[in-house]
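A.B. asks: Sequence:
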Amino acid sequence: MAIPSSQLLTLPVKTAARLLALALLEEIQRAQQRLDDPKDTEALHDFRVALRRLRSCLRAYKPYLRESLSKTMRRQLRELAAVTRTSRDLEVQLAWLYKQLSRLGARQRIGARRMLQKLKDRKTVADRELHRYITTTFSHIQARLERRLSFYTVTVSLHKSSHEQSYAGVAAERIVQLGQTLQQHLSKVQSITDEQEAHQARIAGKHLRYLLEPFAESLEGDAMLIEQLESLQDLLGDLHDAQILANEIDIASQQWPNEAQEIRGLTALANRLSKLTQKAFAKLEAGWLDEHGKVFFTTLHDVAKNLLRNP
Numbered sequence: 530m531a532i533p534s535s536q537l538l539t540l541p542v543k544t545a546a547r548l549l550a551l552a553l554l555e556e557i558q559r560a561q562q563r564l565d566d567p568k569d570t571e572a573l574h575d576f577r578v579a580l581r582r583l584r585s586c587l588r589a590y591k592p593y594l595r596e597s598l599s600k601t602m603r604r605q606l607r608e609l610a611a612v613t614r615t616s617r618d619l620e621v622q623l624a625w626l627y628k629q630l631s632r633l634g635a636r637q638r639i640g641a642r643r644m645l646q647k648l649k650d651r652k653t654v655a656d657r658e659l660h661r662y663i664t665t666t667f668s669h670i671q672a673r674l675e676r677r678l679s680f681y682t683v684t685v686s687l688h689k690s691s692h693e694q695s696y697a698g699v700a701a702e703r704i705v706q707l708g709q710t711l712q713q714h715l716s717k718v719q720s721i722t723d724e725q726e727a728h729q730a731r732i733a734g735k736h737l738r739y740l741l742e743p744f745a746e747s748l749e750g751d752a753m754l755i756e757q758l759e760s761l762q763d764l765l766g767d768l769h770d771a772q773i774l775a776n777e778i779d780i781a782s783q784q785w786p787n788e789a790q791e792i793r794g795l796t797a798l799a800n801r802l803s804k805l806t807q808k809a810f811a812k813l814e815a816g817w818l819d820e821h822g823k824v825f826f827t828t829l830h831d832v833a834k835n836l837l838r839n840p
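Position one of the sequence shown corresponds to residue 530 (the working numbering), numbered consecutively onward.
Check before you lean on any hint, since a few could be wrong.
[Unchecked claim] If you anchor each label on the Cβ, the simulated ranges turn out as follows: (1) F826 with L687: 39 to 47 angstroms; (2) D723 with K649: 26 to 34 angstroms; (3) K717 with H660: 35 to 43 angstroms; (4) G766 with Q694: 32 to 40 angstroms; (5) D723 with V683: 43 to 51 angstroms; (6) A610 with P786: 31 to 39 angstroms; (7) S631 with Q790: 15 to 23 angstroms; (8) Y681 with K628: 45 to 53 angstroms; (9) V683 with E820: 41 to 49 angstroms; (10) A610 with K834: 30 to 38 angstroms; (11) E571 with G750: 39 to 47 angstroms; (12) G766 with E820: 40 to 48 angstroms.
[Unchecked claim] With a straight-line cut-off of 30 angstroms between C-alpha atoms, the simulated DSSO-like cross-links for lysine-lysine are: (13) K823 with K812; (14) K591 with K804; (15) K804 with K647; (16) K591 with K717; (17) K647 with K717; (18) K628 with K649; (19) K717 with K649; (20) K717 with K834; (21) K649 with K804; (22) K808 with K717; (23) K689 with K591; (24) K812 with K628; (25) K804 with K628; (26) K568 with K591; (27) K649 with K808; (28) K628 with K647.
It should be emphasised that the hints constitute simulated quantities derived from the structure, not laboratory data.
Backbone N, C-alpha and C define an ideal beta-carbon position, used for all residues, glycine too.
Go ahead and model the full structure; you've got the sequences and the hints to work with.
C.D. replies: What follows is the structure, given as structure tokens:
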């Protein structure tokens, strides 16, 4: 269900939000159909991304979708997202560890391989749980979502004029709000240790990017903003992923305190992660922190204003 953004902008928000959600649900369904193909290595990734986009859309336009989404359905989607997140985090961690093997000494590889095996075992369990959830719970949610998003009711008063809010107007408001949220979180990131604020900035940036994507071909400056947000997401993602893995390595070090060879490998990995986080933070600092993100946020407000000019 490809929907031209020029058409979306003219619709009431309750209509446009449902059309967007249904289009994203179709993307999830297409990715789900590919999950059973062992040769399709991108199917799970595409499923996760489409699910994130759908949840972001449902969140952005929540007040206008209440009739279609129950609290139970939102909770089930949230649980599915948590299951996919666990699998995704382990996938990223394993990919990074595999790359390090050839760069480590023979003795250091002992600890690295043990760490790899530990995470591989966890990923097997996580993937099994993910596929179980997809084939049972999500299949049920999917049918209900498609049915309930396909309609909504409108109350018309004969005694006073009624007016449905436009998609363009609501989207512009949400863009400004999310931009402010992103800016606030970034302003509180002063060092590598501000992990929670950096993580919240990453989430806000992701939601903002998904909000902007439907307008990429219609609004001047929008595509550039999306590209910049993708770059920010990569930086904050590298930072977040490295910090999560560093924590896993720290836990393993505490579990194997008397095994010198394992500790040697874990220490080498921890040092490499430390350098990675420092490099990612330096790029973040140079491109976004303090006054460096000012041009981005000015352009963002211009895009929101242009949206409001649409009928």
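A.B. asks: Compare the structure with each hint and give your call.
C.D. replies: These are the hints, each one checked on the structure:
no.: 1; hint: F826 with L687: 39 to 47 angstroms; result: holds (45 angstroms)
no.: 2; hint: D723 with K649: 26 to 34 angstroms; result: holds (31 angstroms)
no.: 3; hint: K717 with H660: 35 to 43 angstroms; result: holds (38 angstroms)
no.: 4; hint: G766 with Q694: 32 to 40 angstroms; result: holds (34 angstroms)
no.: 5; hint: D723 with V683: 43 to 51 angstroms; result: holds (46 angstroms)
no.: 6; hint: A610 with P786: 31 to 39 angstroms; result: holds (35 angstroms)
no.: 7; hint: S631 with Q790: 15 to 23 angstroms; result: holds (18 angstroms)
no.: 8; hint: Y681 with K628: 45 to 53 angstroms; result: holds (49 angstroms)
no.: 9; hint: V683 with E820: 41 to 49 angstroms; result: holds (46 angstroms)
no.: 10; hint: A610 with K834: 30 to 38 angstroms; result: holds (33 angstroms)
no.: 11; hint: E571 with G750: 39 to 47 angstroms; result: violated (30 angstroms)
no.: 12; hint: G766 with E820: 40 to 48 angstroms; result: violated (24 angstroms)
no.: 13; hint: K823 with K812; result: holds (16 angstroms)
no.: 14; hint: K591 with K804; result: violated (41 angstroms)
no.: 15; hint: K804 with K647; result: holds (23 angstroms)
no.: 16; hint: K591 with K717; result: holds (28 angstroms)
no.: 17; hint: K647 with K717; result: violated (35 angstroms)
no.: 18; hint: K628 with K649; result: holds (15 angstroms)
no.: 19; hint: K717 with K649; result: violated (35 angstroms)
no.: 20; hint: K717 with K834; result: holds (27 angstroms)
no.: 21; hint: K649 with K804; result: holds (24 angstroms)
no.: 22; hint: K808 with K717; result: holds (19 angstroms)
no.: 23; hint: K689 with K591; result: holds (26 angstroms)
no.: 24; hint: K812 with K628; result: holds (22 angstroms)
no.: 25; hint: K804 with K628; result: holds (15 angstroms)
no.: 26; hint: K568 with K591; result: violated (37 angstroms)
no.: 27; hint: K649 with K808; result: holds (27 angstroms)
no.: 28; hint: K628 with K647; result: holds (16 angstroms)
The earlier numbered hints that this structure contradicts are 11, 12, 14, 17, 19 and 26.
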